[in-house]
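Asker: Protein chains in written order, with the working numbering: chain A, 112 to 247; chain B, 112 to 247; chain C, 112 to 247.
Careful: at least some of the hints might be erroneous.
[What the hints assert, rightly or not] Below, computed lysine-lysine pairings styled on BS3-like, alpha-carbon distance capped at 27 Å: (1) Lys133/A to Lys142/C; (2) Lys133/C to Lys239/C; (3) Lys133/B to Lys239/C; (4) Lys233/B to Lys142/A; (5) Lys239/C to Lys233/A; (6) Lys133/C to Lys142/B; (7) Lys142/C to Lys142/A; (8) Lys142/B to Lys233/C; (9) Lys142/A to Lys239/B; (10) Lys233/C to Lys239/A; (11) Lys133/B to Lys142/A.
The hints are simulated quantities; they were obtained by calculation from the structure and are not laboratory data.
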Amino acid sequence: MIRHLEIVTSGQGLWELTEALKDCVGEAGVKEGLVTLFVQHTSASLVVQENADPSARRDLEEWLNRLVVEGDRIFTHTLEGPDDMPAHIKAALTATSLAIPVSGGRPMLGTWQGVFLWEHRKQGSVRKVAVHLSSD
Amino acid sequence: MIRHLEIVTSGQGLWELTEALKDCVGEAGVKEGLVTLFVQHTSASLVVQENADPSARRDLEEWLNRLVVEGDRIFTHTLEGPDDMPAHIKAALTATSLAIPVSGGRPMLGTWQGVFLWEHRKQGSVRKVAVHLSSD
Amino acid sequence: MIRHLEIVTSGQGLWELTEALKDCVGEAGVKEGLVTLFVQHTSASLVVQENADPSARRDLEEWLNRLVVEGDRIFTHTLEGPDDMPAHIKAALTATSLAIPVSGGRPMLGTWQGVFLWEHRKQGSVRKVAVHLSSD
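Starting from the given sequences, assemble the full structure and let the hints guide the process.
Answerer: Given below as structure tokens:
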């Protein structure tokens, strides 16, 4: 079964989609199986991170922003703005697809795990995540 | 079908779970299909690496420890210890889920591939990996 | 259903397999379902990247080559050549498996997304990607 998630982002950062994902699994009626997410963009990605303390997400983003800097002199792909090439690199270093087993009608996330779309562009966008659900 | 793997780690590093995974596939009786692993933590991850020469795994770990350093001045998420925020970053840079086709009753790993849980915390822990198995 | 893709690489870089993947899905007759790719090597990986402007792929590769340098003094795994250990690290930082939902008989790639095998060794090789296909 295919479902579609849309995440409206207004800027760089981690946008949580855990609840939308749980709803998706619940509405599809999957009790045991597998849910697979695939982000349909090359300047956004998926990440599972701590859902409790926002400081962990802030530090994660700061750290990656320092690793992949705008205006790097080796960049030639600059027509779409200074944050475009860093966005592609950040997407390549994180996940485009993510598969989570489902049990008891819920994705089997650990206690502190949340699922996030990571927006790498400054302007934000409407981001599409294709979701595949299979029942055992 | 859902199975559970527990990997007891006593410190940072790559803990091989290839044999446990093969046993899991064998016991489930999957001849052809797909096995999906999902690590239920935000400070441990999954990696497929060379299973022959331990020096490759050592170098991989050393390299990542140098890239993501403890005590980085940009970190604000420090309450759980100096190795906690680096652990979250390392987990984000590697894999939370991993899907491997199964053929002939075995995960289709290449000759030199092993599957490892990468423990990023110094103290180690009991790490849970949810395993989903499907038969064609 | 299991299929096999072979990508002949003649050196480092991103080798597109989008068309081969579409053919694979089409020939298998999957209309709606999931396709999962798994690279059977530890010195090559998978990446979804912009398929339009080759400069994005060039910059991505240049950037990663600067991050993971040959001849790094911490490397001890050097018997197989100076590009071997960097190849393992690059593979660990990118994807070994990739799962893409299928709809209308095609992988649900976004408009600008292409799927690439990323060859990390200088000499190139014949790279094997195991492909699992499931129909809903």
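Asker: With the threshold set at 27 Å, check whether the alpha-carbon distance from Lys239/C to Lys233/A stays at or below it.
Answerer: Roughly 37 Å between the alpha carbons, so the hint for Lys239/C and Lys233/A is violated.
Asker: Given the hint that Lys133/B pairs with Lys239/C, test it: the Cα-Cα distance must not exceed 27 Å.
Answerer: With a Cα-Cα distance of about 20 Å, the restraint between Lys133/B and Lys239/C holds, given a limit of 27 Å.
Asker: Please verify whether Lys133/C and Lys239/C have alpha carbons no more than 27 Å apart.
Answerer: Roughly 17 Å separates the two Cα atoms, so the pair holds.
Asker: Please verify whether Lys133/B and Lys142/A have alpha carbons no more than 27 Å apart.
Answerer: Cα-Cα ~25 Å, so holds.
Asker: Has the given pair, Lys233/B with Lys142/A, been kept, meaning a C-alpha gap of at most 27 Å?
Answerer: Distance of about 36 Å is beyond 27 Å: violated.
Asker: Given the hinted pair Lys142/B and Lys233/C, is their Cα-Cα distance within 27 Å?
Answerer: Violated, at about 36 Å.
Asker: Are Lys233/C and Lys239/A close enough, with their CA atoms no more than 27 Å apart?
Answerer: Violated, at about 36 Å.
Asker: Quickly compare the C-alpha distance for Lys133/C and Lys142/B to 27 Å and report which way the hint goes.
Answerer: Distance ~25 Å between Lys133/C and Lys142/B Cα, so the pair holds.
Asker: Taking only the CA atoms, is the gap from Lys133/A to Lys142/C under or equal to 27 Å?
Answerer: Holds, at roughly 25 Å.
Asker: For a C-alpha distance cap of 27 Å, please report whether Lys142/C and Lys142/A respect it.
Answerer: holds, 24 Å
Asker: Does the alpha-carbon distance linking Lys142/A and Lys239/B stay inside the 27 Å limit?
Answerer: Given pair Lys142/A, Lys239/B holds - Cα atoms ~20 Å apart, limit 27 Å.
Taken one by one, the earlier hints fail for this structure at numbers 4, 5, 8, 10, listed in ascending order.
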